[in-house]
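Novice: Sequence:
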Amino acid sequence: MDWCVAFSSRSVTPPYVPAISDTFDTSNFQEPHGKLFYGASKDMFGDIFMDF
Numbered sequence: 001m002d003w004c005v006a007f008s009s010r011s012v013t014p015p016y017v018p019a020i021s022d023t024f025d026t027s028n029f030q031e032p033h034g035k036l037f038y039g040a041s042k043d044m045f046g047d048i049f050m051d052f
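Here full-length UniProt numbering is used: the first residue of the sequence shown is 1, the next is one more, and so on.
None of these hints come from the bench; they were simulated from the model. Quick caveat, the model's predicted, so the values are computed rather than measured. Note that the Cβ used here is the ideal one computed from N, Cα and C, for glycine as well.
Have a look at the derived ranges for each label pair, beta carbon to beta carbon:
(1) Trp-3 <-> Asp-43: 43 to 51 Å
(2) Phe-45 <-> Pro-18: 37 to 45 Å
(3) Trp-3 <-> Asn-28: 19 to 27 Å
Let the hints inform the model, and build the full structure from the sequences given.
Specialist: Set out below in structure tokens:
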């Protein structure tokens, strides 16, 4: 596939175009599972490296 031609002429159609209501619509994304970044700012190793 010639990517330069595809991007310049927009001749390639995407396999799926999601329906959105506005530019801030995130309904096509899943909710995050668990607590991925919960407590990321908490010092988890503070007791080990107290004098560091």
